[in-house]
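Asker: With the hints in hand, could you dock these two chains into one complex?
One line per chain: the protein sequences are V and S, in this order.
FYI, the numbering for the first sequence is 1 to 339, going by the numbering used here.
FYI, the numbering for the second sequence is 1 to 290, going by the numbering used here.
Any given hint might turn out to be false.
Label pairs and their in silico Cβ distance ranges [stated by the list, open to error]:
1) Leu5(S) with His29(V): 55 to 63 Å
2) Val198(V) with Leu276(S): 26 to 34 Å
3) Leu112(S) with Trp82(V): 38 to 46 Å
4) Leu106(V) with Leu135(S): 38 to 46 Å
In short, the hints are calculated from the structure, not lab data.
Glycine is no exception: its CB is placed at the ideal position from the N, C-alpha and C atoms.
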Amino acid sequence: MIARAAVTALGAGAALTAPWWVANPYHLHVLIMAAIFTILALSLNLLLGYTGQLSLGHAAFFGIGAYTSALLSLPPLEWSFWIALPAAAAAAALAGWGIGRLALKLRGAYFVLVTISFAGVISLISINWMALTNGPLGLPGVPAPTLGPWTLRTKTTYWYLVLAAAALAFVVCHRLVRSRIGRALVALRENEPLAESVGIDGTRYLVLAAVVSAAMAGVGGSLYAHYTRFVSPEVFLFSYTVTMVIMVIAGGQGTLAGPVVGALLFTVLPEVLREAVAWQWQMLAYGIVLVVCVFFLPRGIVPSIVAATRRAARTAGGPPEMRSGSVGPLKMRRGPAPE
Amino acid sequence: MEQLLQHLVNGLVLGGTYALLGIGLTLIFGLMSVVNFAHGEFYTLGAYAAFATLALAGLPFFVALVAAIAAGALLGAICERTLLRPLRGHSIDTIMLVMIGVWIAMQNAELLAWGGVARAIPHPFPTAPLTLGPLNIAPLRLFVVVTAAALIALAWLGIHTTRLGTAMRATFQDRDTAALMGVPIGRIHTITFAFGSALAAAAGALLGPVFLAYPSMGDLASLKAFSVVILGGLGNLAGATLGGLLLGVAEELGAGYVSSGYRDAVGFVAIILVLLFRPAGLFARAERIG
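Isolated chain S (complex conformation) (with noise of 0.2 Å):
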């Protein structure tokens, strides 16, 4: 029971970073149409901005976490200007086959940047774990969940509650209507692909200290991000919070009770599992965004 409950509270903490690789992916594909296969670069990206502001800058945890949602927003934006507005009303595997080769040329220039050795991250928490009664947690796996929970309410309060937001929900519905209603939709894609980008780096800078951090980080990234989108159902970003959550405590447990070699098989038999019996999601009922 203890072990059970142990095992729930790691899933909880992956959860909460899973959940938000899922939002920003939910969103890049509900909005924009976009399969992004570089999602998990950003994530890497954001792991490699903590790396720099943390280690080689001796900045403080909260510094880096900005400065690795900077980087992801910034190259976001910038990939998003240049290669996907020229595409735009392209199909949708043409695009698809841009952002494999964005997602490939972006692995390998990290590789090329940071070299192939996994790094640590320092981080200024202490490793002794806080122990409240039958549970043990570390200091930063904590910060990590709550960090992450308050990432999730603030992209949602932004989308429901700002004027940007409402564009954001408007175009999500209905982009020709919302052109006619004077939307920009072009500023739209731009910072709903920043803003996805950014969660994904913010997700890379709070679970790279967890882990480590290398060039490939992202392809798994990418992947369990992809699983939490089709648990959840695609554009449905409540499904993909609750999904990012059962995929970590799923993972947590196949790993703690069936066999840690085939932690990472739980993503994949997701995916495929729901695409063949649910394939609008889990949570095909729950509320879509807007």
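Just chain V, same shape as in the assembly (with noise of 0.2 Å):
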């Protein structure tokens, strides 16, 4: 317990203080994505890791925040990011919505199916039409966001928004896993029959977590099309999608600490080795990490370092921590399921 509040101060800290000792702008723009993605690891996790559905077109809740925030924050409608931001979110959740009422009567495979259908669809309509989204040229020239008379265009300024989001999101996910729904998601993952029986409507509750996590990811977007100012259909890439699942499953997935760990090391670790190894490397080694965290890290960095810890801590003598509330995923334990 104490060593998981110093840790937490620790990370506090550091983040608050960032621009102080992070001279580099080009570092300042690293962590500013890191924080991004946190936000939409938590997002993805909150279905992967709680419901133990795996959505592959998360980029399209993504890319709809993203899109949304710009068309409303462009001419004519030039609305202000402080409006642009919660309709993102809106719109982002209201697709959610959508897919997790037509979608979540199938589970496993089907789920991914119809969730990179969709992202498909989405990605394609962002192509062609023109009218709307301008095609492929994208649209250019998003206002940075404004508080009061200050602009928030330097990285300084954007880096505490991102934290301030990052925060919050993390804050929802917390209360959101430890309330009554999170424990029934997490009864649904394991058993949905015996949950069902007990009276916990199993559609209602995912779909519930369909839109929260698809809300979070439209609220990340809107904050990347207000930080690089520019949104095109290349928010739909596969490759966002790929990089949020890497970071939710190597961090920990259905553990809160486990997709922040994942998404600041999975944006931070590129950057470090950038100067020795071509992006192409980084992708491939990505599809790599996936295989081999499902071989000899199947519960993920976080949960097994906690793991790890508490052995040292008993064999030392120490007192034997109570467990934390998450729990991980039973599907990914090795071994032979029974048939």
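Answerer: Next up, the structure:
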């Protein structure tokens, strides 16, 4: 418990003072992207980690958020960022509700296929609906957010904006998964017939998770659009979804800290390695990391580290710690599943 | 009317290759319960194998097809032995994650090996179309559809008449009983995965010269294979064949009469609609293998 509080305090302190010790503006840019990806990874984890349903179309919610926010804040509407951001979340949530209602009748591989197809259709619309989206050329000139008399144009100010958003996303996830709803989701993931037999309405809870998850991805998309000031059909690229999946799986699905660690690791690490290896090698490595994780680290980095430190504490004679509420998914355990 | 006929012919040419892709995928799913997201990468592999034999080595098209099939079967067998066999008995979701990893790794390995530039695969056929009354068909496309049909017939015969095919059908129906009867399940799995991958590679070698070869070509191929399998019903061989033809024709008609920009949306929409309204596939009554 003390160790965890210390790690949290240290992380928060480092994040709040980041603009002072990160001198290079490019490094600050990497941190901003890490914060945006933290939101996305937390969002995907809500579905993958807590309901066990893998959305391989998550870039669609991210892209819908980015386009909604960009279209609302560009002429002719020119709405404020502070209206465009919730609108982006609402638009993505609406899409999440639709997909959830339709697709969560299906589970597993079928759900994956519907989400991929949905993302494919949305991506084709963004390319072909010239009048709305300007097609492959995209929408340039998305304005930077303003806060009273200030424009959040500098990297330092934007860092605090995305940091606040990521913290908010974490709190939302934390509140949600530690509530009745979170326990219902875990129950559904572990044994759906049993959960339903004690009165948990499966579809209702799964749709709720899909809506919250999509809304968070939409917020991520809006923050991305107003940061890069440009939106194009590239926001729907499959590589965004792949990156989110890797962050969640490697970090530790079904935990709260896992996606955060995964997001930091997989935005910072590629930048560190950028000097040494080309981008294509990075994506190749992602594929291999995914396979290796399933074989050797099925629960992810964070749960494995936690388990290792607990073992070390126990052998050193320390008191056994209480188990935290985050339960690693039983689905990923090693050894043959009972037939 | 003539235009409609032309669209139908073009659709059948595409559909034949989609059926090849779908048969491979549906076999792997039906027999091994593996949702093979890397299927399209074997299609890409086949296209690049054809490129290497035709453009670089200058060998005849027939050799290119054999090379693609051999490459697909070999890599498929390796993939099954190293990654899928150790995970046998694990949940379908775990195996799905591994296949997603294989998909990403293979695609980017292809990108590293061949570069991102799309490559035209040279072929020995004359470019002037054959004219049959109101219809025009390029000789290459005719060759593609005939070869695809021959390969489908061969696969069909192999599954229905040989001893190995009987063992595959037995494993498909009831793995445990088949194992008790002495069917070597492990070997059947390896052969099935190699066979399915070889069919995907053959599809790539056939369609590669019609379009272009580029590293991410497998993404769409995978999704089309999945639409075909879902249209036909998972594990349904006859359904996959019909589903492939149906998807090819639907795409051509959609591109011809609605909008060419949304050609690839046909498959996506088909997946969504069929899964929602007829999850057992359009031909649920049709004969399942065996």
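Asker: For every hint, state whether the structure bears it out.
Answerer: Status of the hints after comparison with the structure:
no.	hint	in the structure
1	Leu5(S) with His29(V): 55 to 63 Å	57 Å, holds
2	Val198(V) with Leu276(S): 26 to 34 Å	28 Å, holds
3	Leu112(S) with Trp82(V): 38 to 46 Å	44 Å, holds
4	Leu106(V) with Leu135(S): 38 to 46 Å	41 Å, holds
This entry satisfies every hint, going by the numbered hints stated previously.
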